[in-house]
Amino acid sequence: MIRLLCALLLLANPAWAETDFFRSLAGEYGVPFNETMDCKSNPHRVSFFENNQRARFEWQSDILGYDGAWVSFAEYTVQGSNAVGIIMALDGESRLTDAGAPVVWVMRPVQGFDGYCWGRTDWPDARCIAPHIRCPNAAPTS
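Start counting the sequence shown at 470; every next residue gets the next number (the numbering used here).
To be clear, the hints were calculated from the coordinates, so they are not data collected in a lab. Ideal Cβ placement from N, Cα and C applies to all residues, glycine included. A portion of the hints provided could be inaccurate.
[Stated by the list, open to error] Computed beta-carbon distance windows for the label pairs:
| no. | residue 1 | residue 2 | range |
| --- | --- | --- | --- |
| 1 | A552 | D531 | 18 to 26 Å |
| 2 | W539 | D594 | 31 to 39 Å |
| 3 | P501 | R525 | 27 to 35 Å |
| 4 | Q529 | F502 | 16 to 24 Å |
| 5 | D489 | E527 | 20 to 28 Å |
| 6 | A599 | L565 | 14 to 22 Å |
| 7 | Q580 | D531 | 30 to 38 Å |
| 8 | F518 | P571 | 15 to 23 Å |
| 9 | Q522 | G569 | 24 to 32 Å |
| 10 | G569 | N606 | 43 to 51 Å |
| 11 | D567 | L533 | 22 to 30 Å |
| 12 | N606 | G581 | 14 to 22 Å |
| 13 | R596 | N520 | 25 to 33 Å |
| 14 | G534 | A570 | 16 to 24 Å |
Model the full assembly from the supplied sequences, consistent with the hints where possible.
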C-alpha cells in the first residue's frame with residue numbers, strides 16, 4: 470500500500486487548468502501513516518486569499534516546524550501557478566537551494582487520489598514529497 474501511494478505521488482496531474490488549482494486544493498487534509506498529523510488527530514486547513522496571492526495552512530494543534538519551532542499555521546506568498554501546481558514561498562523561509570537561493574515550493578495535486586504533495590522549483594518535476602490526503606467529508610472551500 471505504501472509503495473502504491475508513493476508511486477501515485479510521483480504522478481503530478483498536469484491536465485488540471487491553472488485556475489482550478491486554487492479552488493480544488495483548498496480544504497482540509499491529513500498526512501497518511503502519521504498518527505500525529507492524520508485527519509483524525511491533527512488535520513490542517515488549506516485556504517487561499519487576497520485574490521489567490523496568499524496561502525494559509527492551519528493545523529488544529531501546533532506542529533513542530535522545520536526550524537524546530539512549534540507553530541499552528543504557516544503562510545505563503547503565491548508566486549504563480551503552472552501546469553504542475555501552485556508555486557509559493559513560505560514566509561520566513563530560511564532553507565536555501567544548492568545555488569544559495571531561498572527555497573520555493575510547488576504544491577502539486579496528485580493523480581489517483583484527492584490530495585497534494587510538495588515539490589520545489591529546484592527539484593526535478595517527478596520529485597514530490599510529504600503526501601497529504603483530503604479528509605473524508607471535507608469538500609473544497611475556496
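Here is how each hint holds up against the structure:
Remark: the range hint 18 to 26 Å for A552 to D531 is contradicted by a beta-carbon distance near 35 Å. A beta carbon spacing of about 33 Å between W539 and D594 agrees with the range 31 to 39 Å that was offered as a hint. Remark: the range hint 27 to 35 Å for P501 to R525 is contradicted by a beta-carbon distance near 22 Å. Checked against the given bound of 16 to 24 Å, the beta carbons of Q529 and F502, roughly 18 Å apart, stay inside it.
The beta-carbon spacing between D489 and E527, approximately 22 Å, falls within the hinted interval of 20 to 28 Å. Distance hint check: the CB atoms of A599 and L565 are about 19 Å apart, consistent with the given range 14 to 22 Å. As the Cβ distance of Q580 to D531 is approximately 32 Å, the hint placing it in 30 to 38 Å holds. Between F518 and P571 the beta carbon distance is about 22 Å. The supplied range of 15 to 23 Å therefore holds.
Under the hint 24 to 32 Å, the C-beta atoms of Q522 and G569, about 26 Å apart, fit the expected range. Restraint check, G569 to N606: a C-beta distance of roughly 44 Å satisfies the suggested window 43 to 51 Å. For the hinted restraint 22 to 30 Å between D567 and L533, the CB-CB distance of approximately 25 Å keeps it satisfied. Taking the beta carbon of each, N606 and G581 are about 20 Å apart, inside 14 to 22 Å as hinted.
The supplied range of 25 to 33 Å is met by R596 and N520, whose beta-carbon atoms lie about 30 Å from each other. With their beta carbons about 20 Å apart, G534 and A570 fall inside the hinted range of 16 to 24 Å.
In the structure shown, a violation is registered for the earlier hints numbered 1 and 3, in ascending order.
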